[in-house]
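Go by the hints and put chain D onto chain L.
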Amino acid sequence: MEEKEIIERLKKGDITAKECFVREYQNLIFNAIFQVSRDRVITEDVLQETFLRAFKYIKGFKGEANITTWLYRIAMNTLKDEFKKRKAVNMLDNPISEDIPIEYSFDEKKKIIWEGLKRLSENEREIITLVDIRGFSYEETAKMLDVLVGTVRSRLARSREHLRDEILKMDFFDKI
Amino acid sequence: MMKEKISKYIDGEGNKEELEKLLKEDPESKEYFEQLLLMKSTLSEMNVQSPDVLNKVLEKDKKHKIVFRYRFAFASLLAVAIVSVLFLTFYNFKPQEKGITTPQLRSDTQNPSFGITAVKPEINISIGVRDDEILLSILERHGTITGSSVEGKGNDEFQDELQPEGNATQKVLYYKIVANEISQLVKDIEKIKGATITLPEALPQDDTEAEIIINIYEK
Numbered sequence: 001m002e003e004k005e006i007i008e009r010l011k012k013g014d015i016t017a018k019e020c021f022v023r024e025y026q027n028l029i030f031n032a033i034f035q036v037s038r039d040r041v042i043t044e045d046v047l048q049e050t051f052l053r054a055f056k057y058i059k060g061f062k063g064e065a066n067i068t069t070w071l072y073r074i075a076m077n078t079l080k081d082e083f084k085k086r087k088a089v090n091m092l093d094n095p096i097s098e099d100i101p102i103e104y105s106f107d108e109k110k111k112i113i114w115e116g117l118k119r120l121s122e123n124e125r126e127i128i129t130l131v132d133i134r135g136f137s138y139e140e141t142a143k144m145l146d147v148l149v150g151t152v153r154s155r156l157a158r159s160r161e162h163l164r165d166e167i168l169k170m171d172f173f174d175k176i
Numbered sequence: 177m178m179k180e181k182i183s184k185y186i187d188g189e190g191n192k193e194e195l196e197k198l199l200k201e202d203p204e205s206k207e208y209f210e211q212l213l214l215m216k217s218t219l220s221e222m223n224v225q226s227p228d229v230l231n232k233v234l235e236k237d238k239k240h241k242i243v244f245r246y247r248f249a250f251a252s253l254l255a256v257a258i259v260s261v262l263f264l265t266f267y268n269f270k271p272q273e274k275g276i277t278t279p280q281l282r283s284d285t286q287n288p289s290f291g292i293t294a295v296k297p298e299i300n301i302s303i304g305v306r307d308d309e310i311l312l313s314i315l316e317r318h319g320t321i322t323g324s325s326v327e328g329k330g331n332d333e334f335q336d337e338l339q340p341e342g343n344a345t346q347k348v349l350y351y352k353i354v355a356n357e358i359s360q361l362v363k364d365i366e367k368i369k370g371a372t373i374t375l376p377e378a379l380p381q382d383d384t385e386a387e388i389i390i391n392i393y394e395k
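These protein sequence lines map, in sequence, to chains L and D.
At position 8 of the first sequence (counting the first as 1) the number is 8 in the working numbering, and the numbers step up by one without a gap.
At position 205 of the second sequence (counting the first as 1) the number is 381 in the working numbering, and the numbers step up by one without a gap.
Be aware that a few hints might be false.
[What the hints assert, rightly or not] Below, a list of computed lysine-lysine pairs in the DSS-like style, where the Cα atoms sit at most 25 Å apart:
1. K109/L to K184/D
2. K232/D to K56/L
3. K109/L to K206/D
4. K143/L to K206/D
5. K236/D to K143/L
6. K181/D to K143/L
7. K62/L to K12/L
8. K12/L to K236/D
9. K216/D to K169/L
10. K184/D to K143/L
11. K4/L to K238/D
12. K197/D to K11/L
13. K80/L to K184/D
14. K109/L to K216/D
15. K84/L to K232/D
16. K80/L to K206/D
17. K236/D to K85/L
[What the hints assert, rightly or not] Which bits of chain L does chain D cover? Going by a derived footprint, with three or more residues having C-beta under 8 Å, they are:
18. 58-71
19. 143-149
Rather than coming from a laboratory, the hints here were simulated on the basis of the structure.
A quick note: this is a predicted structure, and the numbers were derived from the prediction, not measured.
Glycine residues also receive a C-beta, built at the ideal position from the N, C-alpha and C atoms.
This is chain L alone, in the form it adopts within the complex:
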C-alpha cells in the first residue's frame, strides 16, 4: 500500500491501514524517541501513545508536511508530556536516569558513543539522532524541529563538536 493510500484509509479508520502504518514507522519513531529518552520502557509507552494520537488526529493531516515529519512531532510532544507527567509525580527529577543500563546490543565503540551522548543536552542529542543516526537531510531535520536550515547546520556542528570532545576523553579514537 502506498503512503498516500495509507493516509486516506487511515482517515476512514481502516484497520489494515493502521497495521501498515505502525509497521512502517515504528522502528524509525522508536529510535527517535529512544535516543532522547534513553529508556526502553518510556520509549515503548511513548511509541504506543504516538500512534494512538496519530490515529486520532490523522483527519487533520493535510499533507502540507511530510508524514514522517508530522509523526515525529507528535512523538516528541508525547515524550515531553511523558516527562512532565513523571516530573509531576516525582518519579524522576531528571527525565534521563543515570541508572539506565547501556543498550545491550552495542559493542565497545558504540558504548562509548552512548556514554558520550548521555552527556549532551536533549537538543544536541536530538539533532545528532536525526542527522547522523537516522540519516535525515538538513531540510527534513529543519522541518521536524521547526527551525531554519542554517540553524540545523550550526546546531549540528556544535553538537558534533561537543560529542567529539566527550568521546575523546574516553579514548574513543585510540580504540579504532
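Only chain D this time, still in chain L's reference frame:
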C-alpha cells in the same frame, strides 16, 4: 567557523575545493575531519531494533476510544434541560407566603413542564459509537433505534439514528439521563478506572456535526 565547515563537508555540503585545500594545509583540521567521519560512521550503526507494538496499539485503539457525534440540537436541548432542572429546584424551595421559612414541596397537580414545551419533540440525534455494545445497550433503554448503517467496511464504527420515546419533557430529560448513565457506566464496570470527556472548545453555530471524545482508562 572552520569546524562548522568541516561538519557541513562530511554531509556533502559546502565548497569541496576550499575544504580539500584546508585539510591539506592544516593538520589540525584534517584530524578533526577524520574524527568526525569516524564518529558519524559509528553513529549510523546505532539504530536499535524496535519491539513490535502493533498488537498493543490496535488493542488500545479499539478499547479506549468511544467517539460520539452529535448535532447542535443536542447541546441546545441539554442546556434547556439544565436550566429547567435549576428552575424547578429553586421553585420548590421558594417560600409560598410571608413568614414561612421552611421550604414547601410543590403540589403534584402542578404542571411540571416549565420552559420545556418550546422544544420540538421530533428531534433526532445521530450518535457514532465505536465498538461498545455496553454503551449501545444503555442508549437502547431510553430510545428506539430507528436506523442503522455501517460506515466503511472493515471498520468498527457504526451510526444509529436514535429517537427517544415519550413526551417533550421526557425527551429533554433523556439527554441528561444518558449523560448520567455514561458516568455510571464508568463507575460500574470493574475493568474501568476512570474516564475523561473532551468537549469541543466552541459549539457549532450551525447544524454541522461536532465531536465528543470519551477516553476510558482500564484498571
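Here is how each hint holds up against the structure:
no. : hint             : in the structure
1   : K109/L to K184/D : 24 Å, holds
2   : K232/D to K56/L  : 16 Å, holds
3   : K109/L to K206/D : 21 Å, holds
4   : K143/L to K206/D : 32 Å, violated
5   : K236/D to K143/L : 30 Å, violated
6   : K181/D to K143/L : 22 Å, holds
7   : K62/L to K12/L   : 14 Å, holds
8   : K12/L to K236/D  : 18 Å, holds
9   : K216/D to K169/L : 17 Å, holds
10  : K184/D to K143/L : 18 Å, holds
11  : K4/L to K238/D   : 23 Å, holds
12  : K197/D to K11/L  : 54 Å, violated
13  : K80/L to K184/D  : 30 Å, violated
14  : K109/L to K216/D : 12 Å, holds
15  : K84/L to K232/D  : 24 Å, holds
16  : K80/L to K206/D  : 39 Å, violated
17  : K236/D to K85/L  : 20 Å, holds
18  : 58-71            : violated (count 0)
19  : 143-149          : violated (count 0)
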